[in-house]
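Peer 1: Chains A and B are the protein sequences, given in the same order. Those letters in the first sequence? Residues 1 to 320, per my numbering, in order. Those letters in the second sequence? Residues 1 to 320, per my numbering, in order.
Don't read these hints as lab results, they were simulated from the structure. Take these hints with a grain of salt, some might be off.
[Said to hold, decoys possible] Pairs of lysine-lysine residues, derived as DSBU-like cross-links and limited to a Cα-Cα distance of at most 30 Å, are as follows:
| id | chain 1 | residue 1 | chain 2 | residue 2 |
| --- | --- | --- | --- | --- |
| 1 | B | K198 | A | K110 |
| 2 | A | K258 | B | K198 |
| 3 | A | K198 | B | K222 |
| 4 | A | K288 | A | K258 |
| 5 | A | K222 | A | K71 |
| 6 | B | K199 | A | K222 |
| 7 | B | K110 | A | K199 |
| 8 | B | K198 | B | K71 |
| 9 | B | K199 | A | K258 |
| 10 | A | K110 | A | K90 |
| 11 | B | K222 | A | K199 |
| 12 | A | K199 | B | K199 |
| 13 | A | K288 | B | K199 |
| 14 | B | K110 | A | K198 |
| 15 | A | K222 | B | K110 |
| 16 | A | K78 | A | K90 |
| 17 | B | K222 | B | K71 |
| 18 | B | K258 | A | K198 |
| 19 | B | K258 | A | K199 |
| 20 | B | K71 | B | K110 |
| 21 | A | K199 | B | K198 |
| 22 | B | K199 | A | K110 |
| 23 | B | K198 | A | K222 |
| 24 | B | K110 | A | K110 |
| 25 | A | K78 | A | K198 |
| 26 | A | K78 | A | K199 |
| 27 | B | K90 | B | K199 |
Chain by chain, the residues:
Protein chains: 2
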Amino acid sequence: WMEVPLQALAADPLPSWNEGTVKHAIIDFVTRATTEGDAGFVPVEARIATFDNDGTLWPEQPLVQGAFLLKPLRSRVKEDPTLSKRQPFKAILEGDLSELSLMDKARLTKLLGETHAGMTEEAFIRDVRTFFQNARHPRWDVPYNQLAYAPMLELLRYLRANGFQTWLASAGGIDFMRVISEATYGIPPQQVIGSQLKKSLDEAHAPSVLRREARVSHVNDKAGKPVGIDEHIGRRPVFAAGNVRSGGDIQMLQYTRKRGCPGFALLIHHDDAVREFAYEENDGASLKAARQGGWTVVSMQRDWRRIFDGTRVPDENGGG
Amino acid sequence: WMEVPLQALAADPLPSWNEGTVKHAIIDFVTRATTEGDAGFVPVEARIATFDNDGTLWPEQPLVQGAFLLKPLRSRVKEDPTLSKRQPFKAILEGDLSELSLMDKARLTKLLGETHAGMTEEAFIRDVRTFFQNARHPRWDVPYNQLAYAPMLELLRYLRANGFQTWLASAGGIDFMRVISEATYGIPPQQVIGSQLKKSLDEAHAPSVLRREARVSHVNDKAGKPVGIDEHIGRRPVFAAGNVRSGGDIQMLQYTRKRGCPGFALLIHHDDAVREFAYEENDGASLKAARQGGWTVVSMQRDWRRIFDGTRVPDENGGG
Ligand SMILES: [Ca+2]
Ligand SMILES: [Ca+2]
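Isolated chain A, as found in the complex (with noise of 0.2 Å):
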């Protein structure tokens, strides 16, 4: 991971952002939390931004842990083929990534404590990795994690550049991300908030080692996310990123608004179909709260001049 050095960041922090209200909202946000005496003024250590991950830093068509997950699920019905005929086992072996991608977040993690019961941390993290360094998105051929949204990244390092310590809340499995947040995001495995298995200390093994168990202890989506935010930061963030699709940032983008303090709701908007996807929300919750909250509205076809890093994955069209 390469940080962009401070001056060139103050030529344009946000290259791939174009030009309009979004790019000037964001930029007039953190210079004011960076200006002493400014109304907008935030001190170092309140400088907390969140960021959702599926579909805020990278695509969530495929979910990417869905498909991490459709592997050892495939091997558990071989295991026991009595599960075929079960759901979501049935649903998911015909409809593969499509079933897992639309699963809600609570069902999901429930199936990740299923696949891996019982299995060790690190050789759960050793999965992972072997996932990431094989698996490669069906439509850009590339590995998950090149695709991360270039203006998203340069945003995270603008933010980081600027005394903010920028941090993942996302609904997916918290030690799944953690394989790859330092790498793809500049966000270490300690600044992860995700969804929970509870495990255990199998004391029996020297040294000690901690056990995955099949039950979920928190589901970071929706309500979860404020209360995952308080468990692992126990600040209010005062910039916080998500996106439109089930809902499951409003809590959290709500959650950034404290009475006399500045705060900063990033909502994404799926309307680029050539570059990327795009796509609404069945009942318009999240741009409903995002104009009752006043937050700020990204259309990515409008106001990012490019989606990928254009040196690993080439845009269909524009920018790179």
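Position chain B with the ligands relative to chain A; hints supplied.
Peer 2: Chain B with the ligands alone, transformed into the frame defined by chain A:
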């Protein structure tokens, strides 16, 4: 919180530690951990150090969180006098702080849940802040958070000056310690691990707030410490410090051990009745584990030149 400049530390990074095998073992570990090419070298991202709190960074007679609980417990008994005949209330009202100080951490966490259930996170933090402003240690007559051990504050600074990230990993309540961790130890709230209650998001309140529930979600003691460390950090610490009393740190100290990696375990023995307190552990398990694991055992009497910061707390004997 003021960091001591690096040059000042270079002279003698641990002036409150007497010369001897313990001080030399610490300096040797840190020197090798930061010397590239040495077999004891630790890459900067793996320089994670975890510290128990009560009895390791400040005194545990009486238990500070017990002192905090006394007032709300008395209020609850006033509201409901039948409680005064039930345990643990009866014993606490009779024994005051001694009972609370000896209580096992799971029961203490449960009590904390009961006394503050339904309270918002913000209101709880205000209560803790008020406690630390007003309460004084019965022996030294200073606020509890001025009783951090001077040698341990030096150790925390020394480790940070050498690229280590320092964490609290205490059986005490996470939100209780977070209020004072930064000012007392230079450890920000997001690097505090502790026992936890369930919380839920109250969205009816504007802005949304977290409320404490009476249910305990994690007891960060004994085998729970590696679990809490994994949840918050996602890596094994290479350095950990705990103390002799209840065996609560054994599993954390063992967890620093990983095949092929250097690890350092520090165990503090309270053997200084003159300047602080002298006590042992019923079954001697911590000292036994120290012998088996080759841990470094600190004798407060022999290894610490002074116990407290002499400008705030007069040492009864020597130092300061
Ligand atoms: Ca998302
Ligand atoms: Ca202790």
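Peer 1: With reference to the structure, classify each hint as holding or not holding.
Peer 2: Hints, verified against the model:
Of the pairs offered as hints, the one joining K198/B and K110/A holds, with about 20 Å between alpha carbons and a cut-off of 30 Å not exceeded. Proximity of K258/A to K198/B is assessed by CA-CA distance (about 22 Å); at most 30 Å being required, the pair is judged to hold. Taking the CA atoms of K198/A and K222/B, the gap is about 16 Å. The hint holds against a cut of 30 Å. Between K288/A and K258/A the CA atoms are separated by roughly 20 Å; this keeps the pair inside 30 Å, and the hint holds.
Of the pairs offered as hints, the one joining K222/A and K71/A holds, with about 28 Å between alpha carbons and a cut-off of 30 Å not exceeded. Only pairs whose Cα atoms come within 30 Å are accepted, and K199/B paired with K222/A is accepted, the gap being roughly 14 Å. Restraint check: the Cα-Cα separation between K110/B and K199/A comes to about 21 Å, which is no more than 30 Å; the hinted pair holds. Restraint check for K198/B and K71/B: satisfied, since their Cα atoms lie roughly 22 Å apart, inside the 30 Å limit.
About 18 Å separates the Cα atoms of K199/B and K258/A, which keeps this hinted pair within 30 Å; it holds. For the proposed pair K110/A and K90/A, the alpha carbon gap of about 16 Å is at most 30 Å, so the pair holds. Taking the CA atoms of K222/B and K199/A, the gap is near 14 Å; set against the 30 Å cutoff, the hint holds. For the given pair, K199/A sits about 20 Å from K199/B by alpha-carbon distance, which is consistent with the 30 Å threshold.
Note on K288/A and K199/B: the hinted pairing holds, with a Cα-Cα distance of about 27 Å set against a maximum of 30 Å. Between K110/B and K198/A the CA atoms are separated by roughly 20 Å; this keeps the pair inside 30 Å, and the hint holds. A hinted pair counts as satisfied when its Cα atoms are at most 30 Å apart, and K222/A with K110/B qualifies at roughly 27 Å. Of the pairs offered as hints, the one joining K78/A and K90/A holds, with about 12 Å between alpha carbons and a cut-off of 30 Å not exceeded.
The hinted pair formed by K222/B and K71/B meets the criterion: a straight-line CA distance of about 28 Å does not exceed 30 Å. For the hint linking K258/B to K198/A, the alpha-carbon distance of about 22 Å falls within 30 Å, and the restraint holds. The straight-line distance between the Cα atoms of K258/B and K199/A is roughly 18 Å, inside the 30 Å bound, and the hint therefore holds. With a C-alpha separation of about 16 Å, the suggested pairing of K71/B with K110/B holds against the 30 Å cut-off.
For a cut-off of 30 Å, the pair hint linking K199/A to K198/B stands: about 17 Å separates their Cα positions. For the suggested pair K199/B and K110/A, the alpha carbons sit about 21 Å apart, so the restraint of at most 30 Å is met. For the hint pairing K198/B with K222/A, the CA-to-CA distance comes to about 16 Å; that is within 30 Å, so the pair holds. Using a Cα cut-off of 30 Å, the hinted pair K110/B and K110/A holds, with the two alpha carbons roughly 28 Å apart.
For the given pair, K78/A sits about 26 Å from K198/A by alpha-carbon distance, which is consistent with the 30 Å threshold. Between K78/A and K199/A the alpha-carbon distance is near 26 Å, which keeps this suggested pair within the 30 Å criterion. The straight-line distance between the Cα atoms of K90/B and K199/B is roughly 28 Å, inside the 30 Å bound, and the hint therefore holds.
The structure agrees with every numbered hint stated previously.
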